[in-house]
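**Student:** This is what each chain is made of:
Number of protein chains: 2
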Amino acid sequence: MGLMDVLFGRPLATEEERAERIGPAKGIPIFGLDALSSAAYGPEAALTLLIPLGLAGVGYILPITIAVVMLLVMVYFSYRQTITAYPQGGGSYTVASENLGVWAGLLAGASLMVDYVLTAAVGISAGVGALISAVPALQKHTLALCMIILIVVTLINLRGVSESGGVFLIPTYLFILCLLGSIALGVFKTLSAGGHPVPLVPPPQPGRTTETLGIWLLARAFASGCTAMTGVEAVSNGVQAFREPASATARFTLTLVIGILIVMLGGIAFLCKVFGIGATVPGQPGYQSVLSQLIAAIAGNGIFYGVSIASILLVLALSANTAFADFPRLGRAIAQNGFLPIGLAVRGRRLVYTEGVYALAALAGTLLVLFGGVTDRLIPLYAVGAFMAFTLSQAGMVMHWKRTAGAGSVKSMFINGVGAAATGITVIIVLVAKFTEGAWITLLLIPGLIATMRLVKRHYHQVEKEINTSARLNTQDLKPPLVVITIDRWTRIADKALRFAMTISPEVQALHVEFDQGSDNLANQWHDLVEEPAEQAGLAPPRLVIIKSPYRFVIRPILDYVLDLEKRNPSRQIAVLTPELVERRWHLNLLHNHRATALKALFLFQGDRRITVINIPWYLTE
Amino acid sequence: MGLMDVLFGRPLATEEERAERIGPAKGIPIFGLDALSSAAYGPEAALTLLIPLGLAGVGYILPITIAVVMLLVMVYFSYRQTITAYPQGGGSYTVASENLGVWAGLLAGASLMVDYVLTAAVGISAGVGALISAVPALQKHTLALCMIILIVVTLINLRGVSESGGVFLIPTYLFILCLLGSIALGVFKTLSAGGHPVPLVPPPQPGRTTETLGIWLLARAFASGCTAMTGVEAVSNGVQAFREPASATARFTLTLVIGILIVMLGGIAFLCKVFGIGATVPGQPGYQSVLSQLIAAIAGNGIFYGVSIASILLVLALSANTAFADFPRLGRAIAQNGFLPIGLAVRGRRLVYTEGVYALAALAGTLLVLFGGVTDRLIPLYAVGAFMAFTLSQAGMVMHWKRTAGAGSVKSMFINGVGAAATGITVIIVLVAKFTEGAWITLLLIPGLIATMRLVKRHYHQVEKEINTSARLNTQDLKPPLVVITIDRWTRIADKALRFAMTISPEVQALHVEFDQGSDNLANQWHDLVEEPAEQAGLAPPRLVIIKSPYRFVIRPILDYVLDLEKRNPSRQIAVLTPELVERRWHLNLLHNHRATALKALFLFQGDRRITVINIPWYLTE
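Heads up: the sequence lines are chains A and B, in that order.
At position 88 of the first sequence (counting the first as 1) the number is 247 in the working numbering, and the numbers step up by one without a gap.
At position 166 of the second sequence (counting the first as 1) the number is 325 in the working numbering, and the numbers step up by one without a gap.
Please note: incorrect hints may appear among the correct ones.
Copies of the same chain look alike in the list, so a pair counts if it works inside one copy or between any two.
[Unchecked claim] Calculated cross-link-like contacts (lysine-lysine; reagent style BS3-like; alpha-carbon spacing at most 30 Å):
id, residue 1, residue 2
1, K655, K726
2, K655, K638
3, K624, K707
4, K707, K726
5, K616, K655
6, K655, K624
Just so you know, these hints were derived from the structure itself, not from any lab.
Working from the sequences, and respecting the hints, build out all of it.
**Tutor:** Right, here's the structure in full:
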């Protein structure tokens with residue numbers, strides 16, 4: 160296991176879990192990276208839609224951002240309450256399941272799963288996209304770079320939650336420092352210049368006005384700006400990863416994340432207006448991101464600019480990690496209720512839900528391959544999933560307070576109710592505004608996922624109904640099995656297998672397939688080699704059964720014989736023993752027939768509960 | 160088996176073999192296609208090297224062709240004798256093995272195998288290349304077209320030798336008819352025009368003379384012309400495929416093939432000289448194959464021209480089939496001597512050595528993929544293999560006649576000796592003349608293949624030494640195995656597996672892996688559910704063994720326990736029973752753990768002869 164230890168770290172015992180738990184310092188990079196990184200694309204997305212309004216459009220960024228921040232504050236208070244009420248974690252899925260019923264829970268779970276897969280894919284390709292803007296020579300390696308990052312993020316996450324926090328610590332805090340520093344410097348310059356600071360590097364002039372403001376444009380700009388809110392859910396899903404008192408630590412982490420995000424969003428919007436910075440058209444010559452323009456205007460084109468841009472690229476690429484931190488936990492919660500394969504609820508050697516990590520890596524990898532590493536067009540898709548989850552979570556909390564009916568529950572109900580209404584309206588706005596851009600795909604994916612989860616649940620239910628029993632061990636009819644052993648020719652392997660057969664049952668038949676008439680001498684040898692010694696030892700002699708096979712089939716006649724034998728002995732267990740040569744070096748296995756393995760596979764499809772295939776291994780000494 | 164019957168035909172019984180045997184009419188397409196198709200590229204290859212000599216070069220094609228034809232006649236007489244002496248077939252490999260020893264046989268076998276793989280790949284890509292010259296739009300599908308032809312040829316050959324002869328009948332005879340017809344018409348026109356016929360379509364003028372004739376140029380032109388002789392070996396390998404009297408039928412077929420080939424080669428050379436037709440530079444504008452020029456000059460650009468060119472393309476593509484007819488037979492001969500995996504000697508449902516067909520398809524397919532479907536550069540490689548085999552075969556025949564020492568054996572020895580000397584010299588000429596063009600690759604491949612075959616033989620020898628026995632059944636120590644059964648929780652599956660365990664041995668231990676302290680209640684239930692009923696039935700109660708696993712590993716602790724148990728019971732067999740849930744629909748298997756399968760795989764690597772893993776299947780009823 161040497162290689163596994165290097166790649167994934169030493170195994171962790173279940174009781175070591177406490178030591179793996181984290182505080183806010185690691186919690187921000189792990190569960191907050193996705194939310195914080197959206198400051199890099201949310202405002203830009205809104206400003207891009209305002210381009211047709213020209214310079215006037217830049218002015219509208221402030222009210223739009225205020226609307227987004229208000230929504231964010233509502234969602235924040237709502238999730239604070241959720242964390243308190245659900246210290247076991249689980250987020251929207253748990254809250255919606257427990258309070259609104261199975262279907263609402265599945266809707267929330269499916270929405271979030273789609274959201275996380277998209278977050279992982281889009282985060283990685285956005286990071287690679289930014290890297291390629293800086294180094295265009297890498298263009299042709301886009302997909303390869305995406306895959307390398309995906310593998311690195313996957314490996315880090317397989318090592319466990321504590322280590323992944325350590326890795327992401329530096330880029331996250333560098334990003335926060337640079338962005339908050341720029342904003343502070345910009346605000347200071349604005350105040351000292353009486354509201355009209357001079358940009359160190361003048362931003363490009365916004366284009367001409369080609370449209371006038373309408374409610375439809377405003378709605379679309381708001382829907383785009385809402386992408387800044389994705390990732391807020393993550394902390395509430397991961398409460399159990401925080402150190403005790405878990406709820407309080409998680410709440411504090413959430414406060415820090417939302418606080419920093421609000422300062423970033425507000426600061427960016429304010430400074431864009433002051434410096435007159437608008438979006439440029441993506442993919443066209445002269446394109447420059449809003450944050451790049453803003454930092455250059457405030458701090459010039461020096462080292463600080465370079466470090467800031469680098470930290471933005473890094474954080475975008477690593478925001479995929481939030482999905483990796485949360486998706487496996489969500490998968491476990493759903494799997495524990497029987498709606499997803501049970502493997503998702505099994506913790507691996509590093510206390511991580513390993514199969515969830517693999518599943519997310521496979522799904523995100525598939526998306527990246529399908530889109531050749533360019534998944535920008537998927538951005539509109541995932542706001543739908545996130546806001547659907549927000550809405551269901553808060554609606555669930557309303558029901559929760561209604562049921563508990565304790566002190567302050569009316570106030571809590573009101574907070575969550577307002578949140579649910581606001582995010583519910585936002586879902587509709589985003590769906591309508593982004594429908595043709597791709598939101599319709601989400602509308603197909605989510606019901607498909609829910610249907611699959613129902614089928615999984617039904618299957619588990621049927622299996623459980625079939626295998627569950629509280630009956631005591633059945634001791635009726637405990638007769639030794641009828642043993643059929645396949646023998647090619649008389650070798651030590653046959654001798655060993657026959658000995659094993661005779662120890663487990665007195666009724667042994669040796670089955671021999673003969674191709675050509677009379678070409679075999681096993682029949683002649685049988686009496687001397689087997690029957691006589693067995694009789695002398697006082698044992699029931701194994702009977703030799705010869706099957707002719709004019710078509711040189713080997714497996715088919717054995718199958719037919721055994722199935723017929725089973726039919727003729729309706730109350731007996733049948734054990735088919737197949738002697739098997741085992742080579743420890745895999746390539747040497749090419750040198751031998753694998754009838755034993757093939758026979759076993761065929762019985763899996765054609766056999767039934769009364770037939771057991773036993774491969775008797777013969778290890779070659781070498 | 161419906162689909163298999165459609166694709167591969169109904170299974171054939173071993174005694175149906177006689178009916179599958181063929182006469183000369185089918186023998187020519189099956190075993191002669193490769194030899195005959197070389198008329199389409201052999202003369203062209205020689206003429207291409209004569210281009211620098213200008214018009215004068217065209218004149219030298221006649222002496223070069225005469226040399227090739229003389230060599231061909233020697234080889235013909237030599238192989239006639241071989242067929243008579245070896246009616247079981249086997250060709251160079253058999254002859255060299257029996258008369259010159261194991262090493263010479265392996266050298267011949269390896270040379271031929273390389274030759275056949277190259278024949279298959281080059282034939283297909285030459286056919287596709289010709290098709291692309293006609294329809295340039297198909298250029299970008301080169302590899303796909305090669306693969307389609309490869310698959311079709313493979314499927315046809317899996318159906319068996321008789322059917323593949325039927326498929327190739329029409330194109331082969333069309334090709335022979337067109338080419339012999341053109342030659343006859345050309346000779347007639349030449350004679351009636353007193354040796355100076357007027358071409359209907361004037362061929363392009365040969366280029367200027369840039370070199371003078373040297374021995375080196377002549378040697379290289381001769382070496383290229385010798386590619387016209389590849390494929391002659393095929394008939395002698397396939398004697399057993401011919402109808403009785405097999406030797407006579409095979410000899411007659413060989414005579415026909417060589418006779419037609421000589422007329423073709425001689426006719427082409429003669430008419431090229433008369434019409435002043437030289438090669439044009441391949442891959443350059445204005446390129447036109449020699450046969451295309453020749454047929455146009457003789458018969459004009461009409462329907463006959465079109466049909467002839469089409470038949471040439473088809474025959475080139477299908478010449479790969481000769482390799483498919485012969486390679487599996489060669490593989491069988493080598494495998495029967497233990498130098499290749501024994502699977503190559505097993506006849507499938509259609510009496511074909513199925514694995515040989517697969518192996519050739521895989522190797523040729525790999526070559527085609529590696530070279531993107533353009534394998535023209537491999538042509539020089541395979542003359543080496545063919546002539547190496549010729550030489551060894553004839554040298555072997557010299558030894559054969561020396562040993563038999565009957566009437567006429569001196570004459571026979573002389574014929575084969577001259578043949579061996581001539582082809583031996585040719586091997587050296589080809590190797591030297593084509594060394595830098597790729598013949599060196601053959602010099603690496605052949606020894607590599609021989610080394611592999613020696614290793615395979617040594618391995619089989621060791622296995623045989625280990626498993627071979629004439630001892631009678633050992634009836635000592637026939638104690639029932641110690642049975643270890645893994646139990647997760649109490650279900651019908653566990654009940655069934657435990658019942659099976661108790662029928663095969665009175666000593667049963669149930670192994671249960673526990674993750675968390677005291678979280679399990681199997682220990683509490685065991686007495687009621689299992690021990691009590693067993694005691695009441697008068698049976699030895701299975702013991703429950705609980706293993707704690709703080710790292711949540713399941714498989715590792717079971718492995719360790721069983722290996723330790725084995726060590727503590729040095730004289731006992733151990734049977735590990737793993738209950739296994741079986742879903743007939745594969746995708747449902749994703750929903751369950753596969754510890755039983757994983758455990759079995761691990762015991763294959765870490766277990767030994769005293770441990771047998773038995774998966775007890777539980778089929779879900781659905």
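**Student:** Can you tell me if K707 and K726 fall within 30 Å by alpha carbon in one copy, between copies, both or neither?
**Tutor:** Answer is within: at 21 Å inside a copy they meet the 30 Å cutoff, but 43 Å across does not.
**Student:** Up to 30 Å between alpha-carbons, please classify K655 paired with K624: within, between, both or neither.
**Tutor:** between (41 Å within a copy, 16 Å between copies)
**Student:** Between K624 and K707, at a C-alpha cutoff of 30 Å, which is it: within one copy, between copies, both, or neither?
**Tutor:** between (44 Å within a copy, 29 Å between copies)
**Student:** Between K616 and K655, at a C-alpha cutoff of 30 Å, which is it: within one copy, between copies, both, or neither?
**Tutor:** between (46 Å within a copy, 25 Å between copies)
**Student:** One pair to classify: K655 and K726, alpha carbons no more than 30 Å apart. Within, between, both, or neither?
**Tutor:** Close inside one copy (28 Å) and across copies (19 Å); limit 30 Å.
**Student:** Between K655 and K638, at a C-alpha cutoff of 30 Å, which is it: within one copy, between copies, both, or neither?
**Tutor:** both (23 Å within a copy, 13 Å between copies)
Checked against the numbered hints given earlier, the structure satisfies every one of them.
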